[in-house]
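Order-wise, the sequence lines are chains A and B. To get the numbering used here, take the position in the first sequence, counting from 1, and add 4. With the numbering used here, letter number 81 in the second sequence gets 67, and the count goes up by one each step, no holes.
I should point out that these hints are in silico values taken from the structure, not numbers from a laboratory. Any given hint might turn out to be false.
[What the hints assert, rightly or not] Taking beta-carbon pairs under 8 Å as the criterion, some of the chain B residues facing chain A (in silico):
1) 78
2) 90
3) 93
Don't be surprised by glycine CBs; every beta carbon is placed ideally from N, CA and C.
Here is what each chain is made of, one letter per residue.
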Amino acid sequence: DQQVKQNSPSLSVQEGRISILNCDYTNSMFDYFLWYKKYPAEGPTFLISISSIKDKNEDGRFTVFLNKSAKHLSLHIVPSQPGDSAVYFCAASENSGYALNFGKGTSLLVTP
Amino acid sequence: SAVISQKPSRDICQRGTSLTIQCQVDSQVTMMFWYRQQPGQSLTLIATANQGSEATYESGFVIDKFPISRPNLTFSTLTVSNMSPEDSSIYLCSVGEGAGYEQYFGPGTRLTVT
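From just these sequences and the hints, can you work out the full model?
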């Protein structure tokens, strides 16, 4: 059963605009959330994470928002750049465990 | 973050054979993991590779099918045994400091079983 869901398989955004990628989860025991970016033929690259004790974490152009009551998190990329075009995976874990539970990914295309 | 390499990067194998995938890290790491990404699916944890002891497998994965070695803190291997077309996937190793920390991934091994 998929505990982390990314319901949008793809997203297209114009360069310079905001990209918003969404992720929902079902397991209330998850307390650590991560976003990864993946280019073709490469492994996932860690982008940004957030602990469940926070509702926002920012790193440069990337901001992750966490809404625990809705079991929802989102990744905002501002401004979007063509080099951001990749597949983005949301992942979550329980602090007591090592397994990262991944969503199926959202393919982002940033057009000039 | 650590630099992680995997060998081979890709392979095409026949049904019934076995393939061993190597994962090498440029520094000593506490935890090493093996994941699988089947076509169109998310990444799924196969097992945690424990240094000096047997790997810890996730539900649905068994040692006879996916034997793992971790002889030291920088190296691990995953063997995919008695392969079938359903084993066609990308296999990735990752490293991390443990629960509640981010993991860093190798480039992956793309396996096709015919």
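Note to self: residue 93(B) was flagged as interface toward chain A. Is the shortest Cβ-Cβ separation under 8 Å?
What the structure shows: holds (5 Å)
Margin query: Min Cβ distance, residue 78(B) to chain A: is it shorter than 8 Å?
Written below: holds (5 Å)
Checklist line | Hint validity - residue 90(B) Cβ closer than 8 Å to any chain A Cβ | finding: Constraint on residue 90(B) satisfied, holds at 6 Å.
Of the numbered hints stated above, none is contradicted by the structure.
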